[in-house]
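K.L.:
Residues per chain are reported as follows:
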Amino acid sequence: DAMVIQNPRYQVTQFGKPVTLSCSQTLNHNVMYWYQQKSSQAPKLLFHYYDKDFNNEADTPDNFQSRRPNTSFCFLDIRSPGLGDAAMYLCATSREDRGFSPLHFGNGTRLTVT
Amino acid sequence: TQLLEQSPQFLSIQEGENLTVYCNSSSVFSSLQWYRQEPGEGPVLLVTVVTGGEVKKLKRLTFQFGDARKDSSLHITAAQPGDTGLYLCAGVTGAQKLVFGQGTRLTINP
Numbered sequence: 001d002a003m004v005i006q007n008p009r010y011q012v013t014q015f016g017k018p019v020t021l022s023c024s025q026t027l028n029h030n031v032m033y034w035y036q037q038k039s040s041q042a043p044k045l046l047f048h049y050y051d052k053d054f055n056n057e058a059d060t061p062d063n064f065q066s067r068r069p070n071t072s073f074c075f076l077d078i079r080s081p082g083l084g085d086a087a088m089y090l091c092a093t094s095r096e097d098r099g100f101s102p103l104h105f106g107n108g109t110r111l112t113v114t
Numbered sequence: 115t116q117l118l119e120q121s122p123q124f125l126s127i128q129e130g131e132n133l134t135v136y137c138n139s140s141s142v143f144s145s146l147q148w149y150r151q152e153p154g155e156g157p158v159l160l161v162t163v164v165t166g167g168e169v170k171k172l173k174r175l176t177f178q179f180g181d182a183r184k185d186s187s188l189h190i191t192a193a194q195p196g197d198t199g200l201y202l203c204a205g206v207t208g209a210q211k212l213v214f215g216q217g218t219r220l221t222i223n224p
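Protein sequence lines correspond, in order, to chains A and B. Just so you know, the working numbering puts 47 at position 47 of the first sequence, and the rest follows in order with no gaps. So the working numbering is basically just the index in the second sequence, starting at one, shifted up by 114.
Since the hints were made in silico from the structure, they are not lab data. Hints are supplied without guarantee of correctness; some may be wrong.
[Claimed, not checked] For each label pair, taking beta carbons as the anchor points, the in silico distance ranges come out as:
(1) B:T176 with A:D77: 36 to 44 Å
(2) A:M3 with B:P122: 27 to 35 Å
(3) A:E96 with B:V158: 16 to 24 Å
(4) B:P224 with A:F15: 40 to 48 Å
[Claimed, not checked] Covered stretches of chain A, as calculated for chain B (at least 3 residues, CB under 8 Å):
(5) 31-43
(6) 100-107
[As the list claims (entries may be wrong)] Partner residues are not named here, just some residues of chain A that face chain B (Cβ under 10 Å, in silico):
(7) R9
(8) L90
(9) D97
Bear in mind that the values here come from a model prediction, so they are computed numbers and not experimental data. Just so you know, even glycine gets a beta-carbon here, dropped at the ideal spot from N, CA and C.
Take these sequences, add in the hints, and give me the full structure.
P.N.:
Quick look at the structure:
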């Protein structure tokens with residue numbers, strides 16, 4: 001039973017064409033995260049929501065935005081994708097906004113920019 | 115910035131061999147998590163270690179947290195092809211942030 005679901009699994013977009021990735025969770029966790037992962041590298045945190053409070057990482061480009069309309073859903077919007085934005089995008093949840101609260105990841109959306 | 119260095123970055127061994135993966139830092143972490151990520155999937159939590167010197171076992175996997183809580187190791191006994199994946203350690207800082215290492219890509223050949 002998938003608990004963190006990401007759609008689509010694969011997304012192809014054109015250079016500069018806005019794209020939205022979606023994530024839903026059935027865990028009722030307070031915190032939802034978006035990570036970017038490039039080939040065989042560690043996931044890089046872009047931002048997270050604690051409930052409705054948005055927390056942006058200092059080095060996340062303005063090109064990346066997020067929305068969390070309710071507890072279950074969170075979206076990643078890339079306003080003008082560049083070739084360097086091609087990556088796996090991972091959504092994760094945790095019960096609390098504390099490091100010891102383990103992350104539950106979705107299976108990711110692999111984004112290709114042509 | 116607290117960093118975690120994993121070694122080796124890549125490891126390819128034969129089925130049945132033993133191996134150890136290391137996760138090192140000059141900083142102290144309040145706890146440390148290990149994740150495994152299989153190709154095309156998200157990372158899955160394997161274990162959390164909290165106390166300095168703690169050892170946890172998960173079937174053929176043995177995890178150890180260093181006495182000073184600055185490093186950790188993962189030892190796999192009699193590796194199997196199903197152990198193939200990217201192993202990520204992640205340390206929890208005093209500010210309750212999660213810091214990932216860059217991962218160890220493990221391949222077990224039949």
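K.L.:
Are there hints from earlier that the structure breaks, and if so, what are their numbers?
P.N.:
The structure breaks none of the hints.
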